[in-house]
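Whenever a hint applies, use it, and build me the whole structure from the sequences.
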Amino acid sequence: MPSKGPLQSVQSSEARRQPHLCCKERFAGVDVCVCVKGGGHVAQIFAIPQSISKALVAYYQKYVDEASKKEIKDILIQCDQTLLVADPRRCESKKFGGPGACARYQKSYR
Numbered sequence: 001m002p003s004k005g006p007l008q009s010v011q012s013s014e015a016r017r018q019p020h021l022c023c024k025e026r027f028a029g030v031d032v033c034v035c036v037k038g039g040g041h042v043a044q045i046f047a048i049p050q051s052i053s054k055a056l057v058a059y060y061q062k063y064v065d066e067a068s069k070k071e072i073k074d075i076l077i078q079c080d081q082t083l084l085v086a087d088p089r090r091c092e093s094k095k096f097g098g099p100g101a102c103a104r105y106q107k108s109y110r
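In terms of full-length UniProt numbering, the sequence shown opens at residue 1 and continues consecutively.
A couple of the hints might just be wrong.
[As the list claims (entries may be wrong)] Subject to a maximum C-alpha distance of 27 angstroms in a straight line, what follows is the list of computed DSS-like cross-link-like pairs (lysine-lysine):
#1 LYS24 with LYS69
#2 LYS54 with LYS24
#3 LYS107 with LYS95
#4 LYS24 with LYS73
#5 LYS37 with LYS73
#6 LYS73 with LYS62
Calculated from the structure, these hints are not laboratory results. From a predicted model like this one, the values you see are computed outputs, not experimental measurements.
If you want it as structure tokens, here you go:
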């Protein structure tokens, strides 16, 4: 489970995807602390870089100028699109007449 600590302590190489590696010189003075709740271990690991990327874009929009924000956003999307765009897939809800979302109970004619 991700906890407070250095990024090097995380075992998974996928977890070490760092959004600030795409544009190192711009985020050199930024210190980030992330707290995650909910979901599983892997979901939390994937949520951390995404939240950092979104926070950096929001920071540039609010405290710097719009052109810099657009430039940062383009760099991050070029680096990895999943850093700014969430995966919208969710579990389809169960419907009546069957055991699940799409499966129906078997019909007998005799």
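Inset, instruction - Check each numbered hint against the structure and report the violated ones by number, ascending. - result: none
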